[in-house]
Amino acid sequence: AQSVAQPEDQVNVAEGNPLTVKCTYSVSGNPYLFWYVQYPNRGLQFLLKYITGDNLVKGSYGFEAEFNKSQTSFHLKKPSALVSDSALYFCAVRFTGTASKLTFGTGTRLQVTL
Amino acid sequence: EPEVTQTPSHQVTQMGQEVILRCVPISNHLYFYWYRQILGQKVEFLVSFYNNEISEKSEIFDDQFSVERPDGSNFTLKIRSTKLEDSAMYFCASSFGGGPNQPQHFGDGTRLSIL
Chain A
26 AQSVAQPEDQ
36 VNVAEGNPLT
46 VKCTYSVSGN
56 PYLFWYVQYP
66 NRGLQFLLKY
76 ITGDNLVKGS
86 YGFEAEFNKS
96 QTSFHLKKPS
106 ALVSDSALYF
116 CAVRFTGTAS
126 KLTFGTGTRL
136 QVTL
Chain B
631 EPEVTQTPSH
641 QVTQMGQEVI
651 LRCVPISNHL
661 YFYWYRQILG
671 QKVEFLVSFY
681 NNEISEKSEI
691 FDDQFSVERP
701 DGSNFTLKIR
711 STKLEDSAMY
721 FCASSFGGGP
731 NQPQHFGDGT
741 RLSIL
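In order, the protein sequence lines correspond to chains A and B.
Under this note's numbering, the first sequence has 36 at position 11, and the numbering climbs by one with no breaks.
Under this note's numbering, the second sequence has 736 at position 106, and the numbering climbs by one with no breaks.
Rather than coming from a laboratory, the hints here were simulated on the basis of the structure.
A hint or two may mislead.
[To be verified] Partial list, computed: chain A residues near chain B (C-beta under 7 Å):
| id | residue |
| --- | --- |
| 1 | Asn-42 |
| 2 | Val-52 |
| 3 | Tyr-57 |
| 4 | Gly-68 |
| 5 | Ile-76 |
| 6 | Phe-88 |
| 7 | Phe-92 |
| 8 | Lys-94 |
| 9 | Ser-95 |
| 10 | Lys-102 |
| 11 | Lys-126 |
| 12 | Arg-134 |
[Said to hold, decoys possible] Once the Cα atoms are required to be at most 30 Å apart in a straight line, the calculated DSSO-like pairs of lysine-lysine come out as:
| id | chain 1 | residue 1 | chain 2 | residue 2 |
| --- | --- | --- | --- | --- |
| 13 | B | Lys-708 | A | Lys-47 |
| 14 | A | Lys-83 | B | Lys-708 |
| 15 | A | Lys-47 | A | Lys-83 |
| 16 | B | Lys-687 | B | Lys-708 |
| 17 | A | Lys-94 | A | Lys-74 |
| 18 | B | Lys-672 | A | Lys-94 |
| 19 | A | Lys-74 | B | Lys-687 |
| 20 | B | Lys-713 | A | Lys-47 |
[Stated by the list, open to error] Far from chain B by the CB rule (all over 10 Å, computed), these chain A residues:
| id | residue |
| --- | --- |
| 21 | Thr-45 |
| 22 | Leu-69 |
| 23 | Gln-70 |
| 24 | Leu-127 |
| 25 | Phe-129 |
Keep in mind the model is a prediction, meaning the values are calculated, not measured.
Glycine included, C-beta positions come from ideal geometry on N, C-alpha and C.
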């Protein structure tokens, strides 16, 4: 069965420092991986996706993610965190097939402080 | 930028009552989804819908649930006889294509509270 795991409930980082939010996955076959962000009282906002090709994927708001097949990981990164990046971040995986569901991780709360 | 819109933002209903949650997907999107998020838990898939048919549904989506696209713009989720455990945030999503590389775009959700 496909699944994603986010091992950290919360990540704290100072503004201006690099941030990493971790995600590992388990799928049979090629993974289709996504990151979403959720601000308070809002829906999930698409950040980026990995389908195939370059292992470093660039997305919205300066975020990027690194796909590592040997470690089955897809960590979200940003070189310099902003206070406004504070939110809940979800990693998700999707199977092959049409209209297939997203399977989400448990989420990681990112807290960026001054 | 086009958005998925959901109404109402908050719905309070007595247990056993029927509730309809409404969504207007992005206008040129063809694939529609419902997810839910119980407070403090992860987002869970309920159902996907394409060409006026359910494509996939989870074990949560039992006979109490139904979906409909009654016209060219709305996509609804009906819960026939609500239970306390149906209290959750319900998210509608849509995508242009159905392939796994297509990102799904989410609305802001409807918070459903069952009393």
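Taking the earlier hints as the rules, which of them does this structure contradict? 1, 2, 6, 7, 8, 9, 10, 12, 13, 14, 20, 22, 23, 24, 25
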